[in-house]
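K.L.:
For reference, the chains in residue letters:
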Amino acid sequence: MFGLMPREDKFFDLFEVQAANNVTAAKLFFDMVQSWSLEPERFRRLQEIEHESDITTHEVYDKLNRSFITPFDREDIHELASELDDVVDLVQSIATRMQLFHIEKTTPELVALSETLWNATEAVLKAVTGLRDPGKTRRVLDYCIEINRLENAGDRLLENAIGKLFHGTPDALQVIKWKEIYEGIEIAIDKCEDVANIIESILVKQA
Amino acid sequence: MFGLMPREDKFFDLFEVQAANNVTAAKLFFDMVQSWSLEPERFRRLQEIEHESDITTHEVYDKLNRSFITPFDREDIHELASELDDVVDLVQSIATRMQLFHIEKTTPELVALSETLWNATEAVLKAVTGLRDPGKTRRVLDYCIEINRLENAGDRLLENAIGKLFHGTPDALQVIKWKEIYEGIEIAIDKCEDVANIIESILVKQA
Amino acid sequence: MFGLMPREDKFFDLFEVQAANNVTAAKLFFDMVQSWSLEPERFRRLQEIEHESDITTHEVYDKLNRSFITPFDREDIHELASELDDVVDLVQSIATRMQLFHIEKTTPELVALSETLWNATEAVLKAVTGLRDPGKTRRVLDYCIEINRLENAGDRLLENAIGKLFHGTPDALQVIKWKEIYEGIEIAIDKCEDVANIIESILVKQA
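Protein chains in written order, with my numbering: chain A, 276 to 482; chain B, 276 to 482; chain C, 276 to 482.
Be careful, since some hints might not be right.
[Stated by the list, open to error] Partial chain B-side listing against chain C, Cβ under 7 Å, derived: (1) I437; (2) G438; (3) A447; (4) I477; (5) V479.
[Unchecked claim] Covered stretches of chain C, as calculated for chain A (at least 3 residues, CB under 8 Å): (6) 313-326; (7) 433-440; (8) 475-481.
Think of the hints as simulated: they come from the structure by calculation, not from any bench. Built from N, CA and C at the ideal position, the CB exists for glycine as well.
Working from the sequences, and respecting the hints, build out all of it.
P.N.:
In structure tokens, the structure reads:
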């Protein structure tokens, strides 16, 4: 089927660029919080990645609006591009909040959530890369299951983090800051699951 | 019209299961906060209901992706299933937060908001049940109006709850906890209105 | 093209009413926070505008459900109407929160954010007004670029406002209140950008 539409390959190229950008951003964020290395250079790099992803996303929209034939449903293409872009937006925005909140140290909960997000972006990249090859449907669905598993793990990690945050008589200001950061990462992991859901739906329709 | 597509009845069966699950969850939550009976067994039951609803929702998606003929627009079916599922997700997530926040007593505002949510889920169940019967269009639209009325009532209850919460010099930590719980219930009521909006739109298109 | 469908002009009339309502609401809100004139009459006026916008939005939905021919994609019409309505909803809801929170003074950050929102609603009105005239495509796209610029400016203003809010050892209760107000305005500006994105997509498809 795809052999007949070689020019539509471009969509898959762009999705892969987006998904790879998400891995780069999530990996960088994980490194920052794990080693607590918050050099301004790293925040700037995150902003660059976010900006590059923006440009790629608009390339998808543009190509979509100008194409008569698309490899799958127009809405699915739009939603896939939009949600892939949301992941890096969220990572960058959490990092900015960490700066604005003057967060002074990392926590095991932050490291665990960030690692799960990074793992989820890796699984999304594998799923997106497999999407162009009809022979890999089974494997792509397995990556989607893995993303669902990571999202569930993220939910448990968030509950644990919130539970610890509210334990005893915490400082309200610290609660405001950390709640937003923890929840932000969980929302980014949720977005990875949204991507997996669209991919599953695309594959079922092609079956 | 529906007589010609007997197999499509399955969609209506699944929507009714989802809507009934929402009533069960909202009723259980109302009972919990009214009598302040927070046995772990009840939280577990809420999680079970949420999990059952997940499975039903995915059954709708699956059936949708595999059906050539559907009783109404594919997108409307997807959105209806997705928003019915959101209601129980929200109820379960508010309950979990109540546990994590170590909430120690109920408030009249919490009871009033929970009762309105329960009433809204009841009206949604009636509207969804009437949807399969073309002769009940007028009655279904009346349930939708009732849901809109309950959503407006919920808005007023939330304003009242927030007003009381910020009255005087409250403890910031209590404000953080209760604000999230009150707003969570109002979002769940909003979701019931989203369901009513889709149902209205489906009925108008069929007219 | 539009000359052949004179009755579809009604959609453009309704969009313009919605966009003009947003300007009125945003301008009123800006005046309120700039001169810190919070007479109850002004809050009532905002509620009226929000209510009028609701009615117009439902007129669009109704007309959409009853029309066989539409000036552009049905979904784009629905989304455009829905997001135009979101702007005034958000403005009204931020004003209500200001009352409930007993906010006692304005801040330069609040004035700057509100002015940017007002400017964004003005640019949206110009873009929406130009949409009915195929000869103004280039100008409409320029307004969309202007809205994007204002959204970026809003992001920077919000970061500055949050940074100031968390500077030193602020009172947690004040942080809760102001964070919600600042972020609410930024979300309303974001909605203006969502409107610009739909308009751009409509124009590209017509090209």
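K.L.:
Confirm or reject each hint.
P.N.:
Status of each hint after checking the structure:
no., hint, in the structure
1, I437, "5 Å, holds"
2, G438, "5 Å, holds"
3, A447, "4 Å, holds"
4, I477, "9 Å, violated"
5, V479, "4 Å, holds"
6, 313-326, "violated (count 0)"
7, 433-440, "holds (count 3)"
8, 475-481, "holds (count 3)"
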